[in-house]
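S.K.: If you want the building blocks of each chain, they are given just below.
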Amino acid sequence: MDMDIDFRQDPALPERIARFYGDYQGTYRSRRGQVQADLFRAGRMLVAYIGFAEGLDPEAATDTYLNELQSIAKKLGFENKLRLVYA
Amino acid sequence: MNVRLTVDLPYLLLLPDGEYPLADGPSISLGWTLKLSQDLDITASYTQATTEFAVPDDLAREAQQARRLQEAKKFLGRLNQLLRWYRAASRRADIVELTLYRASPFSFFIAGTDVPWGEEVRFASRPSRDIPEGVTDAVRRGLVMGVEPDVADLFLLDAEEARHTGRFRETVLFCWSTIDAVFNREYDKLVDRALANEPKESRKFFKGLDFGLKNKMSAAMYLIAGRSLSREPDGLWEDLSESYAKRNSIIHRGDVANEDDATRAFRVASKVVEIMRAIAAQASQA
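So the sequence lines, in the order shown, correspond to chains A and B. Counting from 1, position 63 in the first sequence corresponds to residue 63 in my numbering; the numbering is continuous, with no gaps. Counting from 1, position 253 in the second sequence corresponds to residue 253 in my numbering; the numbering is continuous, with no gaps.
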């Protein structure tokens with residue numbers, strides 16, 4: 001993974017949650033922590049469940065995250081198969 | 001450039017296709033839509049709602065996504081206004097307002113074409129990490145025992161849903177239904193326990209309607225449980241009093257409520273439930 005993309009397994013994610021959403025691939029965090037996404041493989045798609053820092057309106061986030069998520073999807077073999085789901 | 005935003009409603013509204021202008025913001029366009037299988041069998045029949053908005057041609061990618069999220073929420077607010085009117089005018093109680101999750105996906109196209117303007121926007125029913133523990137056990141236990149969930153939990157969930165969908169007056173009433181049900185149930189038990197050796201008429205007086213809810217919550221609670229809601233921190237009593245006045249104005253004068261009223265009522269109801277459950281747990285251990 002690119003050095004400047006924070007994407008790794010999050011030990012804090014309970015296993016019971018990983019089981020609900022598919023095969024847990026890892027968690028992405030944006031540069032200043034405004035955006036966090038848990039990524040799961042579900043069938044042929046990679047689904048990113050995106051959350052924003054508490055109190056931050058999604059529309060107001062200034063951290064970039066779309067290119068980074070696309071890049072992660074590509075490296076995991078899901079090019080053009082990324083689905084974004086906002087919490 | 002103009003962008004077309006479409007949502008497939010989970011309903012078939014019996015309204016003619018066409019434009020439905022609003023006092024504020026762009027109009028909503030409704031159209032009857034069929035989904036066909038490969039054999040041309042009808043698999044779904046529903047109403048598709050559409051609107052348009054203008055965006056600068058040179059909007060950066062992240063800004064486009066932020067705009068999609070923003071427009072999806074704005075459009076849902078207008079759609080829900082339309083659904084409220086349709087529900088009232090058609091007397092269709094089963095037509096309820098939509099959450100972002102139920103309205104998903106929100107699809108965006110360059111106006112006048114079928115060319116997507118970025119990806120669909122989907123919303124989750126709740127944050128992916130926000131799954132309480134013990135759900136499976138609770139569901140299995142409840143079903144096997146043949147009991148219903150606590151009315152307080154159900155009312156509070158109704159209130160939360162109403163608040164999220166902008167039905168603020170209902171939120172206040174759901175919250176006060178919760179407070180009435182939970183407080184009175186536990187209060188009556190506390191009175192019966194604390195005043196068990198007193199005459200029945202005395203207990204009846206303390207539990208009766210004439211004694212007044214706020215007297216019960218304050219002085220009487222202090223006497224029988226050592227905990228008056230009027231002495232709770234963080235301004236609970238002020239919030240409770242204000243919310244109670246709002247509840248009465250809705251019931252007796254048909255007053256409206258805003259989001260602050262709904263949020264305050266929800267905060268008060270959640271706190272009252274928490275306090276009464278704590279007192280009940282203590283009392284049952286004593």
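What the hints contain is simulated information worked out from the structure, not anything from laboratory work. Heads up, some of the hints might be wrong.
What the hints assert, rightly or not - Derived contacts from chain A toward chain B, CB cut-off under 10 angstroms, selection only:
| # | residue |
| --- | --- |
| 1 | Ile5 |
| 2 | Phe7 |
| 3 | Gln25 |
| 4 | Asp63 |
Said to hold, decoys possible - Simulated restraints on C-beta separations:
| # | chain 1 | residue 1 | chain 2 | residue 2 | range |
| --- | --- | --- | --- | --- | --- |
| 5 | A | Gln70 | B | Ala89 | 44 to 54 angstroms |
| 6 | A | Thr62 | B | Glu119 | 15 to 25 angstroms |
| 7 | B | Ala111 | A | Asp57 | 45 to 55 angstroms |
| 8 | A | Gly55 | B | Val147 | 31 to 41 angstroms |
| 9 | A | Arg31 | B | Asp255 | 20 to 30 angstroms |
| 10 | A | Thr62 | B | Tyr101 | 21 to 31 angstroms |
| 11 | A | Leu13 | B | Ala89 | 45 to 55 angstroms |
| 12 | B | Asp137 | A | Leu13 | 38 to 48 angstroms |
| 13 | B | Ala181 | A | Leu13 | 44 to 54 angstroms |
| 14 | A | Leu13 | B | Glu120 | 41 to 51 angstroms |
| 15 | A | Pro14 | B | Asp153 | 20 to 30 angstroms |
| 16 | B | Gly112 | A | Leu13 | 25 to 35 angstroms |
| 17 | A | Gln70 | B | Gly112 | 38 to 48 angstroms |
All residues carry an ideal CB built from backbone N, CA and C; glycine is no exception.
S.K.: Hints first: check each against the structure and report whether it holds.
M.R.: So, going through the hints one by one against the coordinates:
1. Ile5: violated (15 angstroms)
2. Phe7: This interface hint is violated because 16 angstroms lies over the 10 angstroms limit.
3. Gln25: violated (13 angstroms)
4. Asp63: holds (8 angstroms)
5. A:Gln70 to B:Ala89: 44 to 54 angstroms: holds (45 angstroms)
6. A:Thr62 to B:Glu119: 15 to 25 angstroms: holds (20 angstroms)
7. B:Ala111 to A:Asp57: 45 to 55 angstroms: For B:Ala111 and A:Asp57 the Cβ distance comes to about 26 angstroms; the hint is violated.
8. A:Gly55 to B:Val147: 31 to 41 angstroms: Holds - the Cβ-Cβ distance for A:Gly55 and B:Val147, about 38 angstroms, lies within 31 to 41 angstroms.
9. A:Arg31 to B:Asp255: 20 to 30 angstroms: At 47 angstroms between Cβs, range violated.
10. A:Thr62 to B:Tyr101: 21 to 31 angstroms: holds (26 angstroms)
11. A:Leu13 to B:Ala89: 45 to 55 angstroms: Hint holds: Cβ distance 47 angstroms, inside 45 to 55 angstroms.
12. B:Asp137 to A:Leu13: 38 to 48 angstroms: violated (21 angstroms)
13. B:Ala181 to A:Leu13: 44 to 54 angstroms: violated (37 angstroms)
14. A:Leu13 to B:Glu120: 41 to 51 angstroms: violated (26 angstroms)
15. A:Pro14 to B:Asp153: 20 to 30 angstroms: holds (22 angstroms)
16. B:Gly112 to A:Leu13: 25 to 35 angstroms: Given range 25 to 35 angstroms: violated, Cβ gap about 44 angstroms.
17. A:Gln70 to B:Gly112: 38 to 48 angstroms: violated (28 angstroms)
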